[in-house]
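Engineer: The chain contents come next:
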Amino acid sequence: MMKLFRFRGGVHPEGHKEATTHKSIQVMPMPKRLYVPVQQHIGAPAEPEVSVGDKVLKGQLLAHSQGAVSAPIHAPTSGTVVEIGEYPAPHPSGLAVRTVVIETDGEDKWIDNPVVPLDPSKLSPDEVAVRVGAAGVVGMGGATFPSAIKLKLGKRNKIETLLMNGGECEPYLTCDDRLMQERAADIVEGTRIILRAIQAERAHLVVEDNKPDAIAALQKACGPSADITVVVVPSRYPMGSEKHMIQAVTGKEVPAGGLGADVGVLVHNMGTAYAVCQAVKHGRPLISRVVTVGGGALSEPQNVEVPIGARLSDVVEFCGGLTEDAARVIMGGPMMGQVMPHLDVPVVKGTSGIIALTQAEVNNRETMPCIRCGSCVNACPCGLLPLQMAAQARAGNLDNVVDLGLLDCVACGCCSYVCPSHIPLVQYFNYAKGELTARQQAKHKNQENKRLIEQKNERLERARIEREEAAARRKAEAEAKKRAAALEKAQKEAEKQAEQSA
Amino acid sequence: MLAAIISLTILSLVLGFALGYASRLFKVETNPVVEEIAALMPGSNCGQCGFPGCNPAAEAIANGQAAVTCCPPGGRMLAEDIASLLGVSVDFSNMEEKEPMFAAIDENNCIGCAKCIKHCPTDAIVGATKQIHVVIRDACTGCEACIDACPTECLQMHPFEVTLKTWRWHKPEPGQLAA
Amino acid sequence: MSNASLISGPHTHAPTSVPYVMRQVIYALLPALLFGIVLFGLPSLWLVMVSVATGLASEALSLYLFKRPIKPFLNDGSVVLTSLLIAMTLPPWAPWWIAVLGVSFAVIIGKHLFGGLGQNVFNPAMLARVMLLVAFPIEMTTWITPAPIFSSAAPSFVDTFIITFGGYIPNADAFTGATPLGHLKTELTLHHSVSEILADYSYFNSILGWNSGSLGETSAILVLLGGIYLIFRRIISWHIPVAILATSFVLATVFSIIDPARYANGFYHVLNGGAMLVAFFIATDPVTAPSTPRGQIMFGIGIGIIEYVIRTWGSFPEGVGFAVLLMNALTPLIDHYIRPRIYGRTRSGKPLPSSQG
Chain A
322 MMKLFRFRGG VHPEGHKEAT THKSIQVMPM PKRLYVPVQQ HIGAPAEPEV
372 SVGDKVLKGQ LLAHSQGAVS APIHAPTSGT VVEIGEYPAP HPSGLAVRTV
422 VIETDGEDKW IDNPVVPLDP SKLSPDEVAV RVGAAGVVGM GGATFPSAIK
472 LKLGKRNKIE TLLMNGGECE PYLTCDDRLM QERAADIVEG TRIILRAIQA
522 ERAHLVVEDN KPDAIAALQK ACGPSADITV VVVPSRYPMG SEKHMIQAVT
572 GKEVPAGGLG ADVGVLVHNM GTAYAVCQAV KHGRPLISRV VTVGGGALSE
622 PQNVEVPIGA RLSDVVEFCG GLTEDAARVI MGGPMMGQVM PHLDVPVVKG
672 TSGIIALTQA EVNNRETMPC IRCGSCVNAC PCGLLPLQMA AQARAGNLDN
722 VVDLGLLDCV ACGCCSYVCP SHIPLVQYFN YAKGELTARQ QAKHKNQENK
772 RLIEQKNERL ERARIEREEA AARRKAEAEA KKRAAALEKA QKEAEKQAEQ
822 SA
Chain B
1070 MLAAIISLTI LSLVLGFALG YASRLFKVET NPVVEEIAAL MPGSNCGQCG
1120 FPGCNPAAEA IANGQAAVTC CPPGGRMLAE DIASLLGVSV DFSNMEEKEP
1170 MFAAIDENNC IGCAKCIKHC PTDAIVGATK QIHVVIRDAC TGCEACIDAC
1220 PTECLQMHPF EVTLKTWRWH KPEPGQLAA
Chain C
297 MSNASLISGP HTHAPTSVPY VMRQVIYALL PALLFGIVLF GLPSLWLVMV
347 SVATGLASEA LSLYLFKRPI KPFLNDGSVV LTSLLIAMTL PPWAPWWIAV
397 LGVSFAVIIG KHLFGGLGQN VFNPAMLARV MLLVAFPIEM TTWITPAPIF
447 SSAAPSFVDT FIITFGGYIP NADAFTGATP LGHLKTELTL HHSVSEILAD
497 YSYFNSILGW NSGSLGETSA ILVLLGGIYL IFRRIISWHI PVAILATSFV
547 LATVFSIIDP ARYANGFYHV LNGGAMLVAF FIATDPVTAP STPRGQIMFG
597 IGIGIIEYVI RTWGSFPEGV GFAVLLMNAL TPLIDHYIRP RIYGRTRSGK
647 PLPSSQG
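If you're matching them up, the sequences are chains A, B and C in order.
Those letters in the first sequence? Residues 322 to 823, per this note's numbering, in order.
Those letters in the second sequence? Residues 1070 to 1248, per this note's numbering, in order.
Those letters in the third sequence? Residues 297 to 653, per this note's numbering, in order.
Keep in mind that a hint or two might mislead.
In silico DSBU-like cross-links for lysine-lysine, where the CA-CA straight-line distance does not exceed 30 Å [as the list claims (entries may be wrong)]:
hint	chain 1	residue 1	chain 2	residue 2
1	A	K754	B	K1240
2	A	K754	B	K1199
3	A	K324	C	K646
4	A	K473	C	K481
5	A	K777	B	K1184
6	A	K766	B	K1096
7	A	K473	B	K1234
8	A	K764	B	K1199
9	B	K1187	A	K796
10	C	K646	A	K754
11	A	K541	A	K324
12	A	K479	C	K367
13	C	K367	B	K1240
14	A	K777	A	K754
15	A	K541	A	K602
16	A	K573	A	K344
17	B	K1234	A	K754
18	C	K363	B	K1240
19	A	K771	A	K813
20	B	K1234	A	K771
21	A	K764	B	K1187
22	B	K1199	A	K777
23	A	K376	A	K430
24	C	K646	A	K764
Take a look, some chain A residues computed to stay more than 12 Å from chain B by CB distance [what the hints assert, rightly or not]:
hint	residue
25	M351
26	Q360
27	A389
28	L416
29	I470
30	P533
31	P576
32	E756
33	E775
34	K777
35	R804
So the derived list for chain C, only partly shown, Cβ under 10 Å to chain A, looks like this [as the list claims (entries may be wrong)]:
hint	residue
36	I303
37	T456
38	N467
39	A470
40	T472
Hints in this document: simulated from the structure, not taken from any laboratory.
Keep in mind the model is a prediction, meaning the values are calculated, not measured.
From the three backbone atoms N, C-alpha and C, an ideal C-beta is built for every residue, glycine too.
All chains, please: the whole structure from these sequences, using the hints.
Structural biologist: In structure tokens:
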């Protein structure tokens, strides 16, 4: 048994996982239309390669990545591109995102030779990263950071330990749980590929102790291997937070502003390992994912393998539809997930869950004044003082909020969850973070403007000097000419006089 | 009685002269704070504050003739920066939070007169005579200096539309119980 | 952008609320309160009722005057809790106007003038108790020997009204007696030694609460049980009560070892007076206590020290009220300097060193 460590704070929200943890993953029928956004990851949006009217096959590249941090997008099934336009993004604001709309043909025909399946053990680390990048694999836990970039981190920092995050500490979500139960072998295979790519010595498959079936499946898949072991950690939210999982398993803390790689640890999600295995071993891009469709306001909660781009309404309909008392639909888990403006938004690579909650489950009440009970201080896994940060944010003292550690906040929501006064602490922090970004951008723009103004003034000054110089030159030339003429005249006259006198 | 009057008078005279002398002795020739304020100002000399340019405005703010909130393009952020520089508190209640705007050219009405170009402090308008001009949005400061220069009124201010990149969480409303 | 659907997470919430917290504290108080009513008879029941009624009326009046919503705040339980706590710290047969003055002072001046729920610097209940003690020393130190309800020692039904609403105790000498702490103080000034004074003192009575004293603070065991219930329900944490009780216990023990004739021992201090009630119910008032565990321990140690110093060398036999108010005043300072260490940072706020260059 491995020695484990404890992180401060955290909460124990009710799990609500029993509704879906014992049901196998269902494959949903292909919807008539898929709405595939070109931005499903952190970084630059992908640039469409197809045009309206093009026939596409399953796995075909729809949009290529551009820039250092980006990921390509592939066609989740075969069909016709009917539109490339702006459609609502799976985001609380409901603002539009550039989306490739595919009318599916129902044949689900794979592209002829996507990428030749290869023996992963013969690939160099760079080749693995290239394949993972080309398959559009991103962090499946919700952060959606392009995975290939994380694989290359091993070059910069020596990674000793790879942690595979099977924490899944959010209530309701069981998509990783089911994936571990049903596809443990592929997860272990994917882990081994990542391990080789980053050239680390060992990997731990970290699972919370409330998933005994997943643990058993993984242990069986690992076999007696020494490099990959299953580590069982206690269930406590936010165990699935990268920083806190690193602390719980290795006892090390990621320095503020740093990455896990700074302490020699890299964390990937279980779903990412599966996607990596698919990408490298079978040459299959990331075009579908397992999504937990659950919550008290859903008729038939279950885990569904959903093609990327399927609308929430299609998925919810497949699961029997919403009950009448649905109050909010969340993408992701209820702690850190985002509320959706409506169901006409697509499932994307980072969608771990579609959770429809009743009013009773949401349990929101009107905000009371802070009674300074300190529940939030005790719950904060980052050692912050949420009550003071929120008070400062409310008063608009942004600098003070930053001094209190705003940038160390992981937005896990423990503070809001326990607050007896139901103060929306996380929203205060989100607001402060957004305001901070806005100010930095404004400052940057201000500096740019100044530079432009200075350049213009310099240009005008230069033009003026040039004009003056030109004028002076013209004047000088004219004078010289005059003088020359006068001189000539004088000479001529002198000559004339000389002639006369002679 | 008399002694008290005399001694107080002498005292006040001595102190008065001392203060007067000190103010001459330690006189600061230029007000360095003006330069610091000017460095914070947008520098586009747009004149929306009612002063001929950013430097005169900075001087006026330093002398207390203008409010720190007088610069519309600088907005609340600039006002806060200047206020913290001067160590004063600001009342933002009277300040209209002006939405950031940018100028755009209606291509149907632009006659290519090039009059607007020389009014732009940041060279954000590109074009040539008899050619349709265009505003580079990233370089536009929203100073509105070009608006009046256009003979066909094809230049108009537009608010920046919110995109996924610029969308921000709004501040929670405390509600009537926690107000 | 004030779209109501734009709510940030979390989208679920622990089953807690301010009214829930207040209700739990009231439940935890009930055993000690009921014991007090039984022990001191009907006058104490009338006093509790007057307190709660005054509390509700003053709260409603304050909310009305400050133009704040009345119903939700009246229902949040905080004012009932404050009223009960004040009643429990009053002499059980105190006249009605003592309760009215104390509670209305606590609610209007102690709470609402500071801005209402969550804004007050000082604990309203202790503010009221100290104000009353200073302004009305006679009424506030007229203690009653236990006269259980319906027992032969109890006053007649009519007399109970005369006691509370007439402000007159018929046949007073038969009922009044000193509290253990008061008794100790008086006898010590007469140069008796502690062992003489405590010759017929029974620890069992103090634990059970069969003593003269404030309405709800005599029974150490019932208050302790209520406190343990609150810790178990995670309404309060152990830091403040343990720090207070341990500090005064250790101090008392040390001094009683140095000079047993002049200083009573630790158990005596912890079991008598308002020590238990204050440690579990008053000092743990979240509004006026520090919000970090380390700050709470400092806060508790401070109360323990001041309490012991006032009891032992001050002119009052009981000093918890002053101790709490003094430490309340220090709470903002403690909260400013005592902060938890942020993840990934040193105590001074610098990022931790990276293990790899």
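Engineer: Any Cβ of chain B at or closer than 12 Å to I470/A, or is the non-interface label fine?
Structural biologist: 20 Å, holds
Engineer: Taking 10 Å as the limit, does the beta-carbon of T456/C come near enough to a beta-carbon in chain A?
Structural biologist: 37 Å, violated
Engineer: Grab the minimum C-beta distance from I303/C to chain A and call the hint holds if it beats 10 Å, violated otherwise.
Structural biologist: Holds - the Cβ of I303/C comes within 10 Å of chain A, reaching about 6 Å at its closest.
Engineer: Are K363/C and K1240/B close enough, with their CA atoms no more than 30 Å apart?
Structural biologist: Holds, at about 24 Å.
Engineer: Hey, does A389/A actually stay past 12 Å from chain B on C-beta?
Structural biologist: Its Cβ never comes within 12 Å of chain B, the nearest being 17 Å, so this holds.
Engineer: So if I understand the rule, the pair passes when the alpha-carbon distance is 30 Å or less; does K479/A with K367/C pass?
Structural biologist: Distance ~62 Å between K479/A and K367/C Cα, so the pair is violated.
Engineer: For E775/A, is the shortest CB-to-CB distance to chain B above 12 Å, so the non-interface label stands?
Structural biologist: Contrary to the label, E775/A does not stay out of reach of chain B, its closest Cβ about 8 Å off (not over 12 Å).
Engineer: K777/A and K1184/B: Cα distance at most 30 Å?
Structural biologist: 16 Å, holds
Engineer: Does the structure keep K754/A and K1240/B at a Cα separation of 30 Å or less?
Structural biologist: Distance of about 11 Å is within 30 Å: holds.
Engineer: Given the hint that K541/A pairs with K602/A, does the C-alpha gap stay at or below 30 Å?
Structural biologist: 21 Å, holds
Engineer: Holds or violated: the hint that A470/C contacts chain A, with Cβ atoms closer than 10 Å.
Structural biologist: Constraint on A470/C not satisfied, violated at 45 Å.
Engineer: For K766/A and K1096/B, compute the direct alpha-carbon distance and say whether it is at most 30 Å.
Structural biologist: The hint is violated at about 37 Å.
Hint violations for this structure: numbers 2, 4, 6, 8, 12, 14, 16, 19, 26, 28, 32, 33, 34, 37, 38, 39, 40, all remaining hints satisfied.
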